[in-house]
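Can you make the complete structure from the sequences, with help from the hints?
Line order of the protein sequences matches chains A and B.
According to the working numbering, the first sequence is numbered sequentially starting from 1.
According to the working numbering, the second sequence is numbered sequentially starting from 256.
By construction, these hints were calculated from the structure, which means they are not laboratory data.
Misleading hints may appear alongside valid ones.
[Unchecked claim] Covered by chain A, according to a simulated footprint, are these stretches of chain B (three or more residues, beta-carbon under 8 Å):
{"no.": "1", "segment": "271-283"}
{"no.": "2", "segment": "365-374"}
{"no.": "3", "segment": "379-391"}
[What the hints assert, rightly or not] BS3-like, lysine-lysine: derived pairs with alpha carbons at most 30 Å apart:
{"no.": "4", "chain 1": "A", "residue 1": "Lys223", "chain 2": "A", "residue 2": "Lys207"}
{"no.": "5", "chain 1": "A", "residue 1": "Lys133", "chain 2": "B", "residue 2": "Lys355"}
{"no.": "6", "chain 1": "B", "residue 1": "Lys377", "chain 2": "A", "residue 2": "Lys5"}
{"no.": "7", "chain 1": "B", "residue 1": "Lys279", "chain 2": "A", "residue 2": "Lys18"}
{"no.": "8", "chain 1": "B", "residue 1": "Lys279", "chain 2": "A", "residue 2": "Lys133"}
{"no.": "9", "chain 1": "A", "residue 1": "Lys45", "chain 2": "A", "residue 2": "Lys171"}
{"no.": "10", "chain 1": "A", "residue 1": "Lys133", "chain 2": "B", "residue 2": "Lys285"}
{"no.": "11", "chain 1": "B", "residue 1": "Lys377", "chain 2": "A", "residue 2": "Lys207"}
{"no.": "12", "chain 1": "B", "residue 1": "Lys258", "chain 2": "B", "residue 2": "Lys377"}
{"no.": "13", "chain 1": "A", "residue 1": "Lys28", "chain 2": "A", "residue 2": "Lys217"}
{"no.": "14", "chain 1": "A", "residue 1": "Lys5", "chain 2": "A", "residue 2": "Lys248"}
{"no.": "15", "chain 1": "A", "residue 1": "Lys18", "chain 2": "B", "residue 2": "Lys377"}
{"no.": "16", "chain 1": "A", "residue 1": "Lys133", "chain 2": "B", "residue 2": "Lys377"}
{"no.": "17", "chain 1": "B", "residue 1": "Lys272", "chain 2": "A", "residue 2": "Lys45"}
{"no.": "18", "chain 1": "A", "residue 1": "Lys223", "chain 2": "A", "residue 2": "Lys245"}
{"no.": "19", "chain 1": "A", "residue 1": "Lys18", "chain 2": "B", "residue 2": "Lys258"}
{"no.": "20", "chain 1": "B", "residue 1": "Lys475", "chain 2": "B", "residue 2": "Lys377"}
{"no.": "21", "chain 1": "A", "residue 1": "Lys45", "chain 2": "B", "residue 2": "Lys475"}
{"no.": "22", "chain 1": "B", "residue 1": "Lys475", "chain 2": "B", "residue 2": "Lys328"}
{"no.": "23", "chain 1": "B", "residue 1": "Lys467", "chain 2": "B", "residue 2": "Lys355"}
{"no.": "24", "chain 1": "A", "residue 1": "Lys216", "chain 2": "B", "residue 2": "Lys377"}
{"no.": "25", "chain 1": "B", "residue 1": "Lys258", "chain 2": "A", "residue 2": "Lys5"}
{"no.": "26", "chain 1": "A", "residue 1": "Lys45", "chain 2": "B", "residue 2": "Lys276"}
{"no.": "27", "chain 1": "A", "residue 1": "Lys223", "chain 2": "A", "residue 2": "Lys18"}
{"no.": "28", "chain 1": "A", "residue 1": "Lys45", "chain 2": "B", "residue 2": "Lys467"}
{"no.": "29", "chain 1": "B", "residue 1": "Lys258", "chain 2": "B", "residue 2": "Lys272"}
{"no.": "30", "chain 1": "B", "residue 1": "Lys377", "chain 2": "A", "residue 2": "Lys28"}
{"no.": "31", "chain 1": "B", "residue 1": "Lys279", "chain 2": "B", "residue 2": "Lys467"}
{"no.": "32", "chain 1": "A", "residue 1": "Lys207", "chain 2": "A", "residue 2": "Lys28"}
{"no.": "33", "chain 1": "B", "residue 1": "Lys467", "chain 2": "A", "residue 2": "Lys216"}
{"no.": "34", "chain 1": "B", "residue 1": "Lys272", "chain 2": "B", "residue 2": "Lys355"}
{"no.": "35", "chain 1": "A", "residue 1": "Lys26", "chain 2": "A", "residue 2": "Lys216"}
{"no.": "36", "chain 1": "B", "residue 1": "Lys355", "chain 2": "A", "residue 2": "Lys26"}
{"no.": "37", "chain 1": "A", "residue 1": "Lys18", "chain 2": "A", "residue 2": "Lys216"}
{"no.": "38", "chain 1": "B", "residue 1": "Lys272", "chain 2": "B", "residue 2": "Lys377"}
{"no.": "39", "chain 1": "A", "residue 1": "Lys45", "chain 2": "B", "residue 2": "Lys355"}
{"no.": "40", "chain 1": "A", "residue 1": "Lys28", "chain 2": "A", "residue 2": "Lys245"}
Virtual Cβ for every residue (Gly too), placed ideally from N, Cα, C.
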Amino acid sequence: MIEVKNIRKSFDGTEVLKGIDAHFEKGKTNLIIGQSGSGKTVFLKCILGLHQVTQGEIIYNDVPFSNMDENEQRLLRQDMGMVFQGSALFDSMTVEENVMFPMQMFTDTQQEEMRERANIAINRVNLIDANHKLPAEISGGMKKRVAIARAIVMNPNYLFCDEPNSGLDPKTAILIDNLIQEITQEYQITTIINTHDMNSVMEIGEKIIFLNEGFKKWEGTNKDIFRTDNEAVTNFVYSSELFKKVRKVYLEESE
Amino acid sequence: MIKLLEHIGRYFLMLQKTFGKFTKGAVLRKLIVREIDDLIIGSLGIVAFISFFVGGVVAIQTAINSDNPLLPKYLVGFATRQSIILEFAPSFISVIMAGKVGSFITSSIGTMRVTEQIDALKVMGVNTYNYLIFPKIVAMTLYPFIIVISMFLGIFGGYVACITGGFSAHADFIEGLQLEFNPFHVTYAFIKTFLFAMLLATIPSYHGYYMKGGALGVGKASTTSFVWTSVAIIVMNSFVTNLLLT
Numbered sequence: 001m002i003e004v005k006n007i008r009k010s011f012d013g014t015e016v017l018k019g020i021d022a023h024f025e026k027g028k029t030n031l032i033i034g035q036s037g038s039g040k041t042v043f044l045k046c047i048l049g050l051h052q053v054t055q056g057e058i059i060y061n062d063v064p065f066s067n068m069d070e071n072e073q074r075l076l077r078q079d080m081g082m083v084f085q086g087s088a089l090f091d092s093m094t095v096e097e098n099v100m101f102p103m104q105m106f107t108d109t110q111q112e113e114m115r116e117r118a119n120i121a122i123n124r125v126n127l128i129d130a131n132h133k134l135p136a137e138i139s140g141g142m143k144k145r146v147a148i149a150r151a152i153v154m155n156p157n158y159l160f161c162d163e164p165n166s167g168l169d170p171k172t173a174i175l176i177d178n179l180i181q182e183i184t185q186e187y188q189i190t191t192i193i194n195t196h197d198m199n200s201v202m203e204i205g206e207k208i209i210f211l212n213e214g215f216k217k218w219e220g221t222n223k224d225i226f227r228t229d230n231e232a233v234t235n236f237v238y239s240s241e242l243f244k245k246v247r248k249v250y251l252e253e254s255e
Numbered sequence: 256m257i258k259l260l261e262h263i264g265r266y267f268l269m270l271q272k273t274f275g276k277f278t279k280g281a282v283l284r285k286l287i288v289r290e291i292d293d294l295i296i297g298s299l300g301i302v303a304f305i306s307f308f309v310g311g312v313v314a315i316q317t318a319i320n321s322d323n324p325l326l327p328k329y330l331v332g333f334a335t336r337q338s339i340i341l342e343f344a345p346s347f348i349s350v351i352m353a354g355k356v357g358s359f360i361t362s363s364i365g366t367m368r369v370t371e372q373i374d375a376l377k378v379m380g381v382n383t384y385n386y387l388i389f390p391k392i393v394a395m396t397l398y399p400f401i402i403v404i405s406m407f408l409g410i411f412g413g414y415v416a417c418i419t420g421g422f423s424a425h426a427d428f429i430e431g432l433q434l435e436f437n438p439f440h441v442t443y444a445f446i447k448t449f450l451f452a453m454l455l456a457t458i459p460s461y462h463g464y465y466m467k468g469g470a471l472g473v474g475k476a477s478t479t480s481f482v483w484t485s486v487a488i489i490v491m492n493s494f495v496t497n498l499l500l501t
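As structure tokens, this is what we get:
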């Protein structure tokens with residue numbers, strides 16, 4: 001469980017996050033949505049501790065991140081998995097080596113066992129015949145899967161994904177969404193996903209936080225988002241005609 | 256000025272963190288071997304080529320500018336040896352290496368920054384400073400071996416140029432090489448080579464690690480890194496020479 005209390009973050013005097021409170025439960029896919037520049041990535045990086053907050057507190061299982069010493073923070077990070085927007089795979093390593101990397105760094109597991117565990121994670125994300133390929137030799141969708149495999153190989157308690165669907169075709173995007181949701185439920189992970197993909201919002205948004213200009217403007221589930229009359233949310237989510245129609249049909253059917 | 260002090264402060268903090276929490280031995284060993292291959296072995300060709308030909312040019316220049324019959328014939332060998340050992344091999348080659356090795360270090364770390372690979376390491380709980388910079392520092396401790404090769408090939412290039420061009424006789428050149436040889440000059444050259452090696456490993460790492468922007472930023476950081484590494488080498492050279500030879 002992750003709790004965020006009134007966090008603020010400024011860069012060179014410009015406040016990007018303006019006092020956000022949130023609560024992320026384990027076993028649920030928590031989505032952060034909002035326009036580009038609304039502060040989603042900064043918010044996620046603050047939760048991860050990659051950015052130091054100007055004010056406020058991030059609490060992991062009742063322990064504030066700021067109260068942890070460097071070693072405790074490092075140990076906590078070993079319990080986190082992160083899927084970056086651009087996948088952030090290590091260029092010089094093969095797919096298998098990328099997935100094995102966290103184990104090589106933090107465990108004394110034998111090479112064979114590491115390979116076995118890496119292959120379980122690789123199979124879990126449905127990657128076939130890619131073990132010995134370099135990141136430059138695989139597609140964007142495959143890279144995302146490798147990044148997910150690397151993120152889950154250490155059985156983390158926290159999974160963070162920064163726009164996992166960006167640059168992917170709709171079919172692959174849905175596959176990635178479903179995969180993240182399955183893994184979250186299967187391993188009871190606290191998952192936080194940054195996205196502006198409306199399909200993801202509708203499909204896997206068990207808890208959605210809407211950010212706008214650094215403020216949290218709305219919070220709810222993918223069911224609530226159809227019924228909300230919050231103008232900022234409806235302007236953002238239902239900006240396309242297609243989603244306006246989807247909403248209309250959903251509301252008509254549920255009446 | 257405040258900006259410069261901020262950079263210097265951040266550079267020393269980076270060094271402190273580099274020697275903080277160490278990466279696992281087995282992983283570190285692999286990284287060090289890879290860095291030796293990239294930074295040391297990969298530089299041998301260009302250093303050998305430049306040293307041989309610049310050594311030749313130094314010898315020819317000395318010969319044609321000292322054609323006064325009153326000057327001893329061994330002067331060419333003597334001047335070539337002194338120029339190569341004291342300045343050319345340790346300092347000139349280091350400035351070239353600031354371009355070759357320095358740009359490589361800055362761009363490789365900078366690209367990792369741009370593609371969020373450094374963030375990925377950080378999220379995993381890796382001490383990114385130690386993981387990325389320490390192996391480069393260790394690899395660069397072998398840099399004096401490059402300079403030994405440069406010294407040898409520089410003098411050899413001078414010898415070949417003199418003999419084939421008819422600027423000096425074999426015996427005269429060898430006499431000049433052996434004349435008043437002071438072993439401390441080699442020690443001095445190695446002391447400064449070692450210090451330059453540390454600058455070559457750390458200043459480009461700093462510029463790569465703290466670069467901002469995208470692909471353009473990587474290019475900009477590589478250029479800035481070359482400029483500042485060269486400046487630091489030249490300042491260090493002046494300081495060490497004043498300290499050890501005067």
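For each hint, the structure was consulted:
no.: 1; hint: 271-283; verdict: holds (count 5)
no.: 2; hint: 365-374; verdict: holds (count 5)
no.: 3; hint: 379-391; verdict: holds (count 4)
no.: 4; hint: A:Lys223 - A:Lys207; verdict: holds, 10 Å
no.: 5; hint: A:Lys133 - B:Lys355; verdict: holds, 29 Å
no.: 6; hint: B:Lys377 - A:Lys5; verdict: holds, 23 Å
no.: 7; hint: B:Lys279 - A:Lys18; verdict: violated, 40 Å
no.: 8; hint: B:Lys279 - A:Lys133; verdict: holds, 25 Å
no.: 9; hint: A:Lys45 - A:Lys171; verdict: holds, 28 Å
no.: 10; hint: A:Lys133 - B:Lys285; verdict: holds, 20 Å
no.: 11; hint: B:Lys377 - A:Lys207; verdict: holds, 27 Å
no.: 12; hint: B:Lys258 - B:Lys377; verdict: holds, 26 Å
no.: 13; hint: A:Lys28 - A:Lys217; verdict: holds, 21 Å
no.: 14; hint: A:Lys5 - A:Lys248; verdict: violated, 35 Å
no.: 15; hint: A:Lys18 - B:Lys377; verdict: holds, 25 Å
no.: 16; hint: A:Lys133 - B:Lys377; verdict: holds, 24 Å
no.: 17; hint: B:Lys272 - A:Lys45; verdict: holds, 21 Å
no.: 18; hint: A:Lys223 - A:Lys245; verdict: holds, 15 Å
no.: 19; hint: A:Lys18 - B:Lys258; verdict: holds, 29 Å
no.: 20; hint: B:Lys475 - B:Lys377; verdict: holds, 24 Å
no.: 21; hint: A:Lys45 - B:Lys475; verdict: holds, 26 Å
no.: 22; hint: B:Lys475 - B:Lys328; verdict: violated, 49 Å
no.: 23; hint: B:Lys467 - B:Lys355; verdict: holds, 21 Å
no.: 24; hint: A:Lys216 - B:Lys377; verdict: holds, 27 Å
no.: 25; hint: B:Lys258 - A:Lys5; verdict: violated, 34 Å
no.: 26; hint: A:Lys45 - B:Lys276; verdict: holds, 22 Å
no.: 27; hint: A:Lys223 - A:Lys18; verdict: holds, 27 Å
no.: 28; hint: A:Lys45 - B:Lys467; verdict: holds, 17 Å
no.: 29; hint: B:Lys258 - B:Lys272; verdict: holds, 21 Å
no.: 30; hint: B:Lys377 - A:Lys28; verdict: holds, 25 Å
no.: 31; hint: B:Lys279 - B:Lys467; verdict: holds, 29 Å
no.: 32; hint: A:Lys207 - A:Lys28; verdict: holds, 7 Å
no.: 33; hint: B:Lys467 - A:Lys216; verdict: holds, 28 Å
no.: 34; hint: B:Lys272 - B:Lys355; verdict: holds, 26 Å
no.: 35; hint: A:Lys26 - A:Lys216; verdict: holds, 21 Å
no.: 36; hint: B:Lys355 - A:Lys26; verdict: violated, 50 Å
no.: 37; hint: A:Lys18 - A:Lys216; verdict: holds, 8 Å
no.: 38; hint: B:Lys272 - B:Lys377; verdict: holds, 13 Å
no.: 39; hint: A:Lys45 - B:Lys355; verdict: violated, 35 Å
no.: 40; hint: A:Lys28 - A:Lys245; verdict: holds, 28 Å
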